[in-house]
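Q: Read top to bottom, the protein sequences are chains H and R.
Each residue of the first sequence is one higher than the last, beginning at 1 in the numbering used here.
Each residue of the second sequence is one higher than the last, beginning at 1001 in the numbering used here.
The set of hints was computed from the structure by calculation and includes no laboratory data.
Heads up, some of the hints might be wrong.
Pairwise CB distance ranges (calculated) [what the hints assert, rightly or not]:
#1 Asp1121/R with Tyr13/H: 18 to 26 Å
#2 Pro804/H with Arg1081/R: 16 to 24 Å
#3 Leu356/H with Gly1136/R: 33 to 41 Å
#4 Arg1081/R with Ala288/H: 49 to 57 Å
#5 Gly1136/R with Leu437/H: 25 to 33 Å
#6 Arg1221/R with Pro804/H: 44 to 52 Å
A partial selection of chain H residues facing chain R, derived with a Cβ cut-off under 8 Å [as the list claims (entries may be wrong)]:
#7 Met1
#8 Gly67
#9 Glu71
#10 Arg93
#11 Arg237
#12 Ser442
#13 Arg444
#14 Arg707
#15 Thr712
#16 Gly717
#17 Arg720
#18 Arg721
#19 Gly725
#20 Pro802
#21 Ser803
#22 Leu806
Beta carbons are placed, not taken as given, at the ideal position from N, Cα and C, and that holds for glycine.
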Amino acid sequence: MRLLLQSSRRFFYRHPGQLLLALIGIAAGVAVVTGVALMRDVLVNALDLAGEELAGRDSLRIEHPSGRINESLLTDLATRPGAPVLVPVIAARARFDDRVLELLATDPMSLGGGDRIGLGGDQINALMRTTAGVAVNTATAQRLGLTEGDRFTVRIAGAEQEFELAAILARGRALDDRLLMDIAIAQDTLGRQGQLSWIEAPAGSRPWLEAELPEGFRIETAGQRRDAAARLTEGMRANLTAMSLLSLAVGLFVIYSVLSFLLVQRRRAFGMLRAVGVTRGQITGLLATETFILAGLGALFGLVLGTVLADQLLELVRQPISELYRLVPAAEVRPTVGLYLVIWTLAVILAQASTLTVWQEARRIPPGQLVRHQREFRGQSALYLAAVGLLVSGIAVAVLSGGLAAALGGLFLALMGCAVLAPSAGMLLLRLMRWPLRQTLSGRALAMLTTSRRRIGPAVAALSLALALSAGIGLMVLGFRITVDDWVDRLLRAEAYVTVSQGVIDARLTERLGELEGIAALSSARQHHLPDGQVLIAYDLPADAWDGFELVAGDPAMAREAFMAGEAVLITEPFARRQGKGVGDEIVIDTPQRRHTMPIAAVYRDYGSDQGAIAVDAEHYREWFDDEIRDSLGLYFHDIGDIRRWRQRLQAIDERIVLTTRGQVRDQTLAVFDRTFRISWALAVLVGIIALIALISALLALGLERRRDHATLRALGLTRRGLTGLVVSQTTGLAAASAVIAVPLAIAIHTGLTLVVQPRAFGWTLPLSLPITPLVAMVLLALAIGLLAGIYPAWHIASREPSPELRSR
Amino acid sequence: MAADPVLALTGLARHFVSGGETIRVLDQLELEVSAGERVAIMGASGSGKSTLLHLAAGMDRPDQGRVRVVGQDIADTPEPRRTRLRAATIGLVFQDFNLIDSLTVAENIELPLWLNRKPVDDEATNRLTCELGIDGLLERLPGELSGGEQQRVAIARALIHEPRLLLADEPTGALDQSTAAGVLDLFDRVTAGRDCALVMVTHNPDAARICDRTLWLKQGRLEAE
């Protein structure tokens, strides 16, 4: 075995390009998986570490569904016998330039773990004495480019606030991207006098709290909060995981493609080894060892690359997570040895599995020098059967099963089936492309490819799969964007929207605005969190606003009548799917006075939240909950005129008023969408890079393997320019065939993601649209890559004189 | 007036550097081959026989001297013109056959016609392939043929475009004795009826018997036996 390994080592030493390509292929796939896995870990485990860091790992959190607690509760609880140490907290999201931060305001004196985060006496003094003073940890200060004493501006709830960096904490890693502030100063600064976001209590105080807390409050452990946060991000994580696993599959195809090619190059050598007595088992053992070393090394590189990638991917999702789920994830990933080991082992095992057919083929090489071989690959029909089986079963699992994991698994199976069929499809396409060109150089070039199924088949599969995945994701995102654009356009009926930078929109302000000359009508929305966690949205809707609801179930006229009469509710599509409710089912709403059992009159489309909501008529809501506050108002004008004048007029009534036009709201909504899907585009680009590696790997291997043929052609009279044209025709032909196969595959991926995965991950349905741009871009990019990837090898090949290659072996 | 030789090598020199040492493979070599003449070049292994052939074919450039093929000096000619001349006037047969694995027998044979932009003459092709006994193998791939069959295909490829000069580099080197004898007979027959010169580099003494003269390559020069 030592000698066999020695020969392998020398072979790879003499073919460094192929060795590098094999390593890069597996490293790229592993990097994407690692990056997404590390990021997922943050999205599950590190969404709320800041709270734990402040109050202790096993602390309990007292919250109210409304998200606000009156400070008097704290005073009341703290004075009762046996009261534990209670830590008040105000939390708010802040933006510093493009970065999302979390403001955590608390009583620094009551922090039991002050030393844990480096909050000593000096820092506490600095916080309490500095006007609008905040403390950050070292990493955050470096990231924001601040030093002690610097003044900086952040935006909180639409208004600008100036802070001073009063202290830098030496420890407290979980406080990355958090601004720590004294609570009294925060209440003044933010206009939240008398209000808290939540109260932290020690771990063992649950019995006391359950006995003393009034109704309506909930007590959550850190683990429960982690689970809740994980549920919020489940859809996003599932999508990202699916894309990363598919990237790994493409990476594995690259390694299979390279190893398969290497086997072709070494057939003769293996035949000779068998002739001198090396057994089949020893050949298999050699290949298994090579694959283990290649995959192991490649996976190691991939882990390193993936860790770097993870931080970049995390940056892409931090803002969307904050916007969609009101959570601020940790600023950096936290890799663990366990996670690395799992990914490395998975990659090595899968690489070994992906090269099983290569081992089988190697075992079939007869002893002695090969002179003749079978033209057709034996077992072709069995392979087709297996591929069709994978395809059909994959589609069946995806469509007929109910869960998200099953849908993704089914999609994966179906893609594997397509990948197995891809080589044959590629050869057929090359033959078809060759036919009109048969008398030309390009036709001859393609003819030389069509008889090399074994050599280029795996590369065609890898490239097609990667291109299809990349374009399929692009199709899904663009199609979704078109749908969201249409939805927002339909939803926004008012010409402008009013919110306030501080405080609330009370009944008095609403009335004053409604009475203004020029205002034809007002709409309003108010969000309310029920004790069971459901979200209620109370709407005041003028006649024009009703067309904004796009009903997916229920009679519009009947639903409107019942809604306005307070006799029924509407539910969003995600709510319907998550709760398994539909038209005619009932919803129970507990109000301070009594329980209301409300029938569902209709289900409407809502892409604004994947958690779902219940819509009720605002007039009846106000009766049930004695809540006159509005979160926002929609203004319908007789004649809008100059919106700046309206802004001035409204701010003269109340300087807190923020007036946003319909167009601005639409743009902001689409901006949130674009930010949310930046990561999908990033993954699509990464998969595209793997596609590029697959193509270059195939083209370089083809060039290396065809050296002698090229020399023969030069000897027979093909000029350098002619040989360049031949090589470029082959590379472009290969890329073109792969791109053509990728088109229907991409559409299939897009269809699967849109019609099956999206509803199960997020709860909403999407009409299937087909934006052409990603497909055209994919084909053009593949052709450009094929052209460029052929130029260097062609030049390299053609620049040599044929003589050295034609010497006898 | 004597016709120009088909091949004329004058003062040809070629050296290689190996391990810091300069090896003079060919040194002031002279050779003239007339139309229809058949010349065998023999010599020890590593004496430079293949180098000589490659220089004659314009696949390599000499360090000194001139190479004239059908009256045209190719040593200093730019690559495209040199290659086109080779395509039009020279047929090549190699020891390892050097057929294109991914083209069928028919496609391999037609390559020189295509390179010269000449149409395929089915009648002429049939005649040649029948003559060489490979007319039943036209749709096969080279990998499915025996050594003898491959070499016959290579000979067909070398002759299909009616070259003025046929260069054969150890054409029987990879064949067993019986097959080699058959191939040599073929060479004898197909070249006898054609007005092309043959220069054959060989170890095989039987190959020399089909040639008009035999030269020995010793210390970089050709000598008659």
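Q: Does each hint fit the structure? Answer for all of them.
A: So, going through the hints one by one against the coordinates:
no. : hint                                : in the structure
1   : Asp1121/R with Tyr13/H: 18 to 26 Å  : 50 Å, violated
2   : Pro804/H with Arg1081/R: 16 to 24 Å : 22 Å, holds
3   : Leu356/H with Gly1136/R: 33 to 41 Å : 39 Å, holds
4   : Arg1081/R with Ala288/H: 49 to 57 Å : 53 Å, holds
5   : Gly1136/R with Leu437/H: 25 to 33 Å : 29 Å, holds
6   : Arg1221/R with Pro804/H: 44 to 52 Å : 23 Å, violated
7   : Met1                                : 31 Å, violated
8   : Gly67                               : 70 Å, violated
9   : Glu71                               : 82 Å, violated
10  : Arg93                               : 63 Å, violated
11  : Arg237                              : 47 Å, violated
12  : Ser442                              : 12 Å, violated
13  : Arg444                              : 7 Å, holds
14  : Arg707                              : 12 Å, violated
15  : Thr712                              : 4 Å, holds
16  : Gly717                              : 2 Å, holds
17  : Arg720                              : 6 Å, holds
18  : Arg721                              : 7 Å, holds
19  : Gly725                              : 13 Å, violated
20  : Pro802                              : 5 Å, holds
21  : Ser803                              : 4 Å, holds
22  : Leu806                              : 6 Å, holds
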